[in-house]
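Student: The residues making up each chain are set out below.
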Amino acid sequence: MQELLHWFQHLSVVIESGAVLAGALSGLLAAAHKRLDLVGVFTVAFLTAFGGGTLRDLLLDQRPFFWVEHQHWLWVLLILCLLAVLFMRQRHFAPTERAMQWPDALGLGLFAAIGVSKALAVGMPELVAVLMGVVTGVFGGVLRDVVCNEIPSAFNDHKPYAICAFVGGWVYVGWWHWSGSSEQAMLLCVVVTFGLRALALWRNWVVPPWKI
Amino acid sequence: MQELLHWFQHLSVVIESGAVLAGALSGLLAAAHKRLDLVGVFTVAFLTAFGGGTLRDLLLDQRPFFWVEHQHWLWVLLILCLLAVLFMRQRHFAPTERAMQWPDALGLGLFAAIGVSKALAVGMPELVAVLMGVVTGVFGGVLRDVVCNEIPSAFNDHKPYAICAFVGGWVYVGWWHWSGSSEQAMLLCVVVTFGLRALALWRNWVVPPWKI
Amino acid sequence: MQELLHWFQHLSVVIESGAVLAGALSGLLAAAHKRLDLVGVFTVAFLTAFGGGTLRDLLLDQRPFFWVEHQHWLWVLLILCLLAVLFMRQRHFAPTERAMQWPDALGLGLFAAIGVSKALAVGMPELVAVLMGVVTGVFGGVLRDVVCNEIPSAFNDHKPYAICAFVGGWVYVGWWHWSGSSEQAMLLCVVVTFGLRALALWRNWVVPPWKI
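Residue numbers (the working numbering), protein chains in the order written: chain A, 1110 to 1321; chain B, 1110 to 1321; chain C, 1110 to 1321.
Next comes chain A alone, as it looks inside the complex:
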């Protein structure tokens, strides 16, 4: 287990980068679909990548934000958006979207784990902590859709996304109570959230709709 944690710590930098990039690209594509200009593309990419964590930190009254502490990510985003506007074409959209599903699923797990962990660290009750995990993982995409003038897809695509993070969050809380180790809890949360999301993608799971 110790080895696994060690490996996990090294890996988490890679996952985090993948998650931020997946968020940024997802925002960038949404902005491109709407024909936004460079300013819009950057803003939507920023909101998708960092909006969830920023909203969580606003609610928990925590500073500094991730993008203030890791300023280089802002530069990466700026350059990415500039390159996209200059070189990206319609035919790149669908393959990019497909390639992003897996880092996005990993990112959901990591963001959820970070959110739960930060909320517990400032003494939030359990359900609130789990919801903060969900907010971290999901609200970047919600802000993206609100700015793009769409109903958030996380709220009406009937595919399990927030729910995977919700289950993963409870796994975090449960394991943390049982074992006392937040590193182990974090690792488990990432694995469960990612696993559920991967299963949902693979098996095409849907959330039961209204019977209206």
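Note that these hints are calculated values from the structure, not bench results. Glycine residues also receive a C-beta, built at the ideal position from the N, C-alpha and C atoms. Please note: incorrect hints may appear among the correct ones.
Which bits of chain A does chain B cover? Going by a derived footprint, with three or more residues having C-beta under 8 Å, they are [to be verified]:
| # | region |
| --- | --- |
| 1 | 1233-1245 |
| 2 | 1252-1260 |
| 3 | 1310-1320 |
With a straight-line Cα cutoff of 30 Å, these simulated DSBU-like cross-link-like pairs (lysine-lysine) come out [stated by the list, open to error]:
| # | chain 1 | residue 1 | chain 2 | residue 2 |
| --- | --- | --- | --- | --- |
| 4 | C | Lys-1227 | B | Lys-1227 |
| 5 | C | Lys-1268 | C | Lys-1320 |
| 6 | A | Lys-1268 | B | Lys-1143 |
| 7 | C | Lys-1143 | B | Lys-1320 |
| 8 | B | Lys-1227 | B | Lys-1268 |
| 9 | A | Lys-1227 | B | Lys-1227 |
| 10 | B | Lys-1320 | B | Lys-1268 |
| 11 | A | Lys-1143 | B | Lys-1143 |
| 12 | C | Lys-1320 | A | Lys-1143 |
| 13 | A | Lys-1268 | A | Lys-1320 |
| 14 | C | Lys-1143 | B | Lys-1143 |
| 15 | A | Lys-1143 | C | Lys-1268 |
| 16 | B | Lys-1268 | B | Lys-1143 |
| 17 | A | Lys-1143 | A | Lys-1268 |
| 18 | C | Lys-1143 | C | Lys-1268 |
| 19 | A | Lys-1227 | A | Lys-1268 |
| 20 | C | Lys-1227 | A | Lys-1227 |
| 21 | C | Lys-1268 | C | Lys-1227 |
| 22 | A | Lys-1143 | C | Lys-1143 |
| 23 | B | Lys-1143 | A | Lys-1320 |
| 24 | B | Lys-1268 | C | Lys-1143 |
Pairwise CB distance ranges, derived in the manner of DEER restraints [stated by the list, open to error]:
| # | chain 1 | residue 1 | chain 2 | residue 2 | range |
| --- | --- | --- | --- | --- | --- |
| 25 | C | Leu-1113 | B | Val-1231 | 37 to 43 Å |
| 26 | B | Val-1122 | C | Val-1185 | 39 to 45 Å |
| 27 | B | Val-1300 | A | Val-1185 | 53 to 59 Å |
| 28 | A | Gly-1304 | B | Pro-1318 | 54 to 60 Å |
| 29 | A | Val-1185 | B | Pro-1318 | 47 to 53 Å |
| 30 | A | Glu-1259 | C | Gln-1199 | 26 to 32 Å |
| 31 | B | Arg-1207 | A | Gly-1304 | 41 to 47 Å |
| 32 | A | His-1142 | B | His-1181 | 38 to 44 Å |
| 33 | C | Leu-1113 | A | Gln-1199 | 47 to 53 Å |
| 34 | C | Asp-1266 | B | Val-1300 | 45 to 51 Å |
| 35 | A | Asn-1258 | B | Lys-1320 | 28 to 34 Å |
| 36 | A | Gly-1304 | B | Val-1122 | 42 to 48 Å |
Following the hints, complete the assembly by docking chains B and C onto the known chain A.
Tutor: Leaving out everything else, chains B and C in the frame of chain A:
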């Protein structure tokens, strides 16, 4: 008067519960109209019930939020949304909406009174305090409509809603200056706001439109 | 230079008033186009005039907000909106919009300068400070458009607006490093941002679009 205040304190738990439930149900119905899934229904119900107070506390830099302090309400909301998705049908919508008008009007009064009182307690100037009362009462519904991709009905239905809370807020401030008792001011604010809203509903009052 | 700064300090009250009024009127017109009622008109005017600075202060965790410290502006806005609803007619819209372009451009410069200065004062890194300047100048209009259920025009009109503030912000940071004087940096930032925006309006500059 003393007796009335005593009675009011006991009653306020009931009113508060009614207000939160009215908010949650109003969000739930809006989400159902848009065919959102469980995640969307819960989020919109949450925003409608707690969004106004949460925005006020963000602006006033106050913690904890109501839903962090009274965690059980999150469970109530979760279960309510689950039951709604499973059992609610189209034919329940209109009667639910009608039944919600009165707790909603009471909730508007209570939320406004709480908002003014909290803002004055942290030393806000009077007009700002009154506006914080309005924000508490009205912005839950505004957030609901923004997420549902509609222009907020509080901004364009030309019916007095925010204006009732605005008048009630000034009654609070006036009475509080005159008598020094914030409990009495609160009670009066609830009565006036609710009374105006009830009158507006009963007499079908409309705010004069643009003559364009 | 000293004289210029003195002159600038006196002038800045005038510019600030112009900027707030330009923001408020721009919000008011957007709300009128959507036929919002008095509550909607006031809210959208408020968001356009103060939303950018308020979002910046929320992110930087700074209080008091401008509209709490200068409460009289809320009264001005209230009266302005009331008068507009009573007396404004369709034929006033286009001329008002045109007349607002210049105070709006000046306001963009001043808001950007204030935003950068406040962010640097609390120790933000440079890129973050520049982005805070952009947020201060631009996000009032973004919030206006989100509430009016439109894609923000700052994101898709392909005209340089945010970009002028971005360049002006870097001029601030550069001059401030070089000369150590934040007053001079502020003045330069206003001049450059306004100059670029004026040029963009005059020469009809467009941001290159997607080649999709």
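Student: Hint by hint, say whether it matches the structure.
Tutor: Tested hints:
no., hint, in the structure
1, 1233-1245, "holds (count 5)"
2, 1252-1260, "holds (count 4)"
3, 1310-1320, "holds (count 5)"
4, C:Lys-1227 <-> B:Lys-1227, "holds, 28 Å"
5, C:Lys-1268 <-> C:Lys-1320, "holds, 17 Å"
6, A:Lys-1268 <-> B:Lys-1143, "holds, 16 Å"
7, C:Lys-1143 <-> B:Lys-1320, "holds, 13 Å"
8, B:Lys-1227 <-> B:Lys-1268, "holds, 27 Å"
9, A:Lys-1227 <-> B:Lys-1227, "holds, 28 Å"
10, B:Lys-1320 <-> B:Lys-1268, "holds, 17 Å"
11, A:Lys-1143 <-> B:Lys-1143, "holds, 22 Å"
12, C:Lys-1320 <-> A:Lys-1143, "holds, 13 Å"
13, A:Lys-1268 <-> A:Lys-1320, "holds, 17 Å"
14, C:Lys-1143 <-> B:Lys-1143, "holds, 22 Å"
15, A:Lys-1143 <-> C:Lys-1268, "holds, 16 Å"
16, B:Lys-1268 <-> B:Lys-1143, "holds, 23 Å"
17, A:Lys-1143 <-> A:Lys-1268, "holds, 23 Å"
18, C:Lys-1143 <-> C:Lys-1268, "holds, 23 Å"
19, A:Lys-1227 <-> A:Lys-1268, "holds, 27 Å"
20, C:Lys-1227 <-> A:Lys-1227, "holds, 28 Å"
21, C:Lys-1268 <-> C:Lys-1227, "holds, 27 Å"
22, A:Lys-1143 <-> C:Lys-1143, "holds, 22 Å"
23, B:Lys-1143 <-> A:Lys-1320, "holds, 13 Å"
24, B:Lys-1268 <-> C:Lys-1143, "holds, 16 Å"
25, C:Leu-1113 <-> B:Val-1231: 37 to 43 Å, "holds, 40 Å"
26, B:Val-1122 <-> C:Val-1185: 39 to 45 Å, "holds, 40 Å"
27, B:Val-1300 <-> A:Val-1185: 53 to 59 Å, "holds, 57 Å"
28, A:Gly-1304 <-> B:Pro-1318: 54 to 60 Å, "holds, 55 Å"
29, A:Val-1185 <-> B:Pro-1318: 47 to 53 Å, "holds, 49 Å"
30, A:Glu-1259 <-> C:Gln-1199: 26 to 32 Å, "holds, 31 Å"
31, B:Arg-1207 <-> A:Gly-1304: 41 to 47 Å, "holds, 45 Å"
32, A:His-1142 <-> B:His-1181: 38 to 44 Å, "holds, 42 Å"
33, C:Leu-1113 <-> A:Gln-1199: 47 to 53 Å, "holds, 51 Å"
34, C:Asp-1266 <-> B:Val-1300: 45 to 51 Å, "holds, 48 Å"
35, A:Asn-1258 <-> B:Lys-1320: 28 to 34 Å, "holds, 29 Å"
36, A:Gly-1304 <-> B:Val-1122: 42 to 48 Å, "holds, 43 Å"
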